[in-house]
Amino acid sequence: MKNLKNIISVLLITLSLISFKATAQISKVEIRAMGLTCSMCSNAINKQLESIPEVISVETDLNTNTFVVTLIDSNTLSPKIFKDKVERAGFSIGSIIITASSKTVSDDQYIALDTINKVDTTVKFQVLDKGYLTLKEFKKKVKMYKKVQTFDVENENDFHIKFL
Amino acid sequence: MMKITFLFVIIFIGHRTVAQELFVMTDPASNVPANSLSINVMQSLLKKRINDGYNYHAMPEITYGLNKNLMFRATGFLSNTNRGFNTEGLGLYTKYRFLSSDDLNSHFRMAVYGRYSFNKSPVAQEQIEIMGFNSGFETGIVATKLIDKIAISTSYSFEKVNLKANPGLIKGTIADNASNYTLSFGKLMYPKKYKSYKQTNINLMVEFIGQTLNENGKSYLDVIPAIQFIINSQARIDLAYRQELASNMIRTTPNGFYFNLYFTFFNVTS
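These protein sequence lines map, in sequence, to chains A and B.
Read left to right, the first sequence gives residues 0 to 163 (numbering that gives the first Met the number 0).
Read left to right, the second sequence gives residues 0 to 269 (numbering that gives the first Met the number 0).
No lab work stands behind these hints, which were simulated from the structure alone.
Treat the hints loosely; a few may be bogus.
Said to hold, decoys possible - Quick list of in silico lysine to aspartate or glutamate cross-link-like pairs, DMTMM-like style, CA-CA up to 20 Å:
id : chain 1 : residue 1 : chain 2 : residue 2
1  : B       : K148      : A       : D60
2  : B       : K47       : B       : E125
3  : B       : K163      : B       : E87
4  : B       : K197      : A       : E58
5  : B       : K217      : B       : E87
6  : A       : K138      : A       : D119
7  : A       : K161      : A       : D107
8  : B       : K192      : A       : D106
9  : A       : K140      : A       : E153
10 : B       : K194      : A       : D60
11 : A       : K123      : A       : D113
12 : A       : K140      : B       : D102
13 : B       : K194      : A       : D83
14 : A       : K135      : B       : D147
15 : B       : K163      : B       : E214
16 : B       : K191      : A       : D151
17 : A       : K129      : B       : E87
18 : A       : K82       : B       : E243
19 : B       : K197      : A       : E49
20 : A       : K138      : B       : D102
21 : A       : K135      : B       : E214
22 : A       : K82       : A       : E49
23 : B       : K119      : B       : D147
24 : B       : K163      : B       : D147
25 : A       : K79       : A       : D151
26 : B       : K192      : A       : D60
27 : B       : K47       : B       : E243
28 : A       : K129      : A       : D113
29 : A       : K139      : B       : E214
30 : A       : K82       : A       : D119
31 : B       : K197      : A       : E136
32 : A       : K135      : A       : E153
What the hints assert, rightly or not - Which bits of chain B does chain A cover? Going by a derived footprint, with three or more residues having C-beta under 8 Å, they are:
id : region
33 : 92-105
34 : 139-150
35 : 187-197
Source: prediction; values computed, not measured.
Think of the CB as a built atom: it goes at the ideal place given N, C-alpha and C, for glycine as much as any other residue.
Work the whole structure out from these sequences, hints included.
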């Protein structure tokens with residue numbers, strides 16, 4: 000009986016390790032919001048982000064309007080939900096930096112604009128599409144990535160990313 | 000019944016929150032957050048021009064943000080203007096934000112709006128006023144610019160009072176429509192540096208409101224200085240005083256005090 004318990008525990012631990020390695024998921028999101036300078040406005044974004052069921056916590060720096068969002072394991076969120084939520088509060092995203100398992104970016108919705116160090120189990124990247132950075136920066140990126148055919152095409156469901 | 004009460008409590012206590020409105024008298028081009036419900040009560044004590052004393056008005060309002068661009072508001076009009084304190088009417092307001100351009104610590108927005116008011120009070124002045132005075136409609140356009148801690152907003156509207164719905168007290172023919180223009184400035188005075196959502200914010204504001212009757216060119220211009228406290232990043236308290244600067248039209252109560260209490264409840268439906 001004791002042996003069985005041990006075997007089960009070992010199996011469970013192994014399984015959880017495998018699943019941890021295998022799942023594609025975003026674990027942390029750092030958003031700098033723009034279009035606001037008041038704490039009420041900031042709280043409006045805070046509440047919108049907190050309304051996402053997969054969110055564990057939202058930490059805010061009111062002076063820079065930066066929101067650090069921590070997410071639960073094995074979520075299937077894409078960057079779009081964060082853009083939608085910030086816009087529903089009445090504002091927009093100035094920059095978004097995502098920490099995710101390295102398997103996440105092998106999904107078709109992510110188009111890498113540079114190469115990735117595949118040794119790491121987690122990766123950090125910035126989304127460079129329209130609506131995920133300031134308009135000025137986006138225009139710069141359009142020039143920079145004019146050879147990437149999908150970059151300037153309006154598509155809400157693909158994300159052009161740059162590793163940090 | 001218990002379930003409904005419980006749900007009500009969850010919605011209203013569980014999701015207490017905020018709005019990003021800035022001004023006391025005029026609505027900016029920014030909308031309330033999507034899926035949020037705001038409740039406020041605007042009270043005013045306006046000095047009577049002819050007789051001694053003050054008229055007291057209370058305007059409870061409920062505002063709903065349908066999505067990031069469209070909001071609706073219903074306003075109740077109560078006052079003691081006509082023999083005792085009575086409910087005198089209801090107003091409906093909608094605003095559509097058609098332009099929004101954000102940058103770090105700044106934004107520019109534009110919106111169009113419309114208002115319809117029903118009010119049983121008789122027309123007692125030349126001033127066209129459908130907020131708490133008479134029946135009629137208003138339609139306008141507003142632009143708001145925010146740069147760091149300063150917000151500037153300006154609007155133009157057409158306002159028409161329904162003279163037939165309110166048998167007037169003024170003898171002879173009077174104008175029934177007007178052009179309104181507003182210019183508002185607001186500045187965040189405190190805190191200089193944010194520490195938490197709990198910190199009280201203090202805004203200072205000054206607004207200019209003008210009206211010209213389209214038929215005869217009679218006009219007025221008022222100034223409204225205001226102080227605003229934002230408590231816990233959730234509630235708003237506004238104190239303002241309205242003072243006539245110039246006028247050549249008949250007005251019953253141009254000068255007086257305004258006191259507004261404002262709350263927003265977030266994510267009212269999931």
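So, going through the hints one by one against the coordinates:
1. B:K148 <-> A:D60: Measuring from Cα to Cα gives roughly 17 Å; hence the hint holds.
2. B:K47 <-> B:E125: holds (15 Å)
3. B:K163 <-> B:E87: holds (16 Å)
4. B:K197 <-> A:E58: holds (14 Å)
5. B:K217 <-> B:E87: Judged against 20 Å, a Cα distance of about 27 Å means the pair is violated.
6. A:K138 <-> A:D119: violated (31 Å)
7. A:K161 <-> A:D107: Holds. K161 of chain A to D107 of chain A sits at ~15 Å (cutoff 20 Å).
8. B:K192 <-> A:D106: Not satisfied, since the Cα-Cα distance of roughly 42 Å exceeds 20 Å.
9. A:K140 <-> A:E153: holds (14 Å)
10. B:K194 <-> A:D60: holds (8 Å)
11. A:K123 <-> A:D113: holds (12 Å)
12. A:K140 <-> B:D102: Given that 20 Å is the threshold and the Cα spacing comes to 16 Å, the pair holds.
13. B:K194 <-> A:D83: violated (27 Å)
14. A:K135 <-> B:D147: Holds: K135 of chain A and D147 of chain B sit about 18 Å apart, inside 20 Å.
15. B:K163 <-> B:E214: holds (17 Å)
16. B:K191 <-> A:D151: violated (40 Å)
17. A:K129 <-> B:E87: violated (49 Å)
18. A:K82 <-> B:E243: violated (45 Å)
19. B:K197 <-> A:E49: holds (17 Å)
20. A:K138 <-> B:D102: holds (13 Å)
21. A:K135 <-> B:E214: Distance ~47 Å between K135 of chain A and E214 of chain B Cα, so the pair is violated.
22. A:K82 <-> A:E49: holds (14 Å)
23. B:K119 <-> B:D147: Violated, at roughly 44 Å.
24. B:K163 <-> B:D147: Not satisfied, since the Cα-Cα distance of roughly 47 Å exceeds 20 Å.
25. A:K79 <-> A:D151: holds (17 Å)
26. B:K192 <-> A:D60: Judged against 20 Å, a Cα distance of about 11 Å means the pair holds.
27. B:K47 <-> B:E243: Within the cut-off at roughly 13 Å; holds.
28. A:K129 <-> A:D113: This hinted pair holds, its Cα atoms lying about 18 Å apart.
29. A:K139 <-> B:E214: Not satisfied, since the Cα-Cα distance of roughly 52 Å exceeds 20 Å.
30. A:K82 <-> A:D119: With a Cα-Cα distance of about 27 Å, the restraint between K82 of chain A and D119 of chain A is violated, given a limit of 20 Å.
31. B:K197 <-> A:E136: Measuring from Cα to Cα gives roughly 33 Å; hence the hint is violated.
32. A:K135 <-> A:E153: holds (17 Å)
33. 92-105: holds (count 7)
34. 139-150: holds (count 3)
35. 187-197: With 6 residues in contact (Cβ-Cβ under 8 Å with chain A), the coverage given for the region 187-197 of chain B holds.
Violation of the numbered hints given earlier is confined to hints 5, 6, 8, 13, 16, 17, 18, 21, 23, 24, 29, 30, 31; the remaining hints are satisfied by the structure.
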